[in-house]
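**Student:** Start from the sequences, fold in the hints, and give me the full structure.
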Amino acid sequence: MTPVCEPLTAKQVLNRVKAPSMPFDWSLNPYRGCQHGCSFCYARATHRFLDLECDDTFQHYILYKQNAVEALTEQLKRMAGFSRTLKHIGTVAIGTATDPYQPLEGKLQLTRKCLEVLARYQVPVSITTRSPLILRDIDVLKTLPVVSINISVNTMQKHIWRMLEPASPHPRQRLAAVRRLSQEGLPAGIFLAPIVPYLTDRPRDLREVISSAAEHGARFVIPSYLRLSTPEVKTWFLQILKHREPSLVQRYEALYRYGRLPDRYRERIDRHINQLLEHYGFSRERASEDTSREALNQEPQQLSFSF
40 MTPVCEPLTA KQVLNRVKAP SMPFDWSLNP YRGCQHGCSF CYARATHRFL DLECDDTFQH
100 YILYKQNAVE ALTEQLKRMA GFSRTLKHIG TVAIGTATDP YQPLEGKLQL TRKCLEVLAR
160 YQVPVSITTR SPLILRDIDV LKTLPVVSIN ISVNTMQKHI WRMLEPASPH PRQRLAAVRR
220 LSQEGLPAGI FLAPIVPYLT DRPRDLREVI SSAAEHGARF VIPSYLRLST PEVKTWFLQI
280 LKHREPSLVQ RYEALYRYGR LPDRYRERID RHINQLLEHY GFSRERASED TSREALNQEP
340 QQLSFSF
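According to our numbering, the residues represented by the sequence shown are 40 to 346, in order.
Just so you know, these hints were derived from the structure itself, not from any lab.
These figures come from a predicted structure and were not determined experimentally.
Just to be clear, a hint being listed does not mean it is correct.
[What the hints assert, rightly or not] Straight-line C-alpha distance at most 27 angstroms; calculated DSS-like pairs for lysine-lysine:
1. K146 to K181
2. K197 to K181
3. K50 to K152
**Tutor:** Dropping the structure here:
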């Protein structure tokens, strides 16, 4: 199905992130919705801010901020005043509620143009994506103070990957992107996310991802668990399970009764992941970070629509 792509006009594109638990200070998302259509994506719930459904509408109805570059330029200009740089404002995380390198970016180049603006003011950035399209922007990234480039990979098993991520690039393409970014001197690593109970959490599957990360020169591996803390996301994910893995539905309803995984489950998987990280030479301290911590309780951006 060809996605419907509509423009919207944003009053601002940088959102302040005030929660001290977040590993970044600002978020920037040039798009709403994501063509990758990952069934587990917590960002589906952001569509409700726009009075849109959180089902496959999230994949097939994409909104792009047509004035993102201009809005970002004005916002940074006001923040800078007479300063030449804005290194002091903290890290801008790109891709907290969408994939900034989804297919539409290949045409519109909003993410690239925003990076060029951020480079002008030397603003530190982190990026999270599932797409090797980020390689297109190596030239711009090398002019920026890049904190981290987080390439998301949670399984190497083709049938599970396609079930959970119907339109994302192949995991091996993503690993190749990590290798190239690292070779270019950029701090790229694997975002092992989300860890999906009974599907991507088996010891051999975790080992395969982490060993592949090491083989491809990843600087780090950051694990993160599946969240079903919003009704919209939980309903959609369980609907996918009913269609593809019906035997797991009752187990998920019990496991996610309160929207998040029980501590006993996390502790068990954490122990195994930490052993693997140590074995393959990754920092366990860095693994305690989680760049996906959702900011769904933040006030949504003020938007005026222009369809």
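**Student:** With reference to the structure, classify each hint as holding or not holding.
**Tutor:** Now the hints, each set against the structure:
1. Between K146 and K181, the direct Cα distance comes to roughly 22 angstroms. Compliance with the 27 angstroms bound is thereby established for this hinted pair.
2. A threshold of 27 angstroms between alpha carbons decides the hint, and for K197 with K181 the separation of about 33 angstroms lies outside it, so the pair is violated.
3. Using a Cα cut-off of 27 angstroms, the hinted pair K50 and K152 holds, with the two alpha carbons roughly 17 angstroms apart.
The structure fails to meet hint 2 from the earlier list, while all remaining hints are met.
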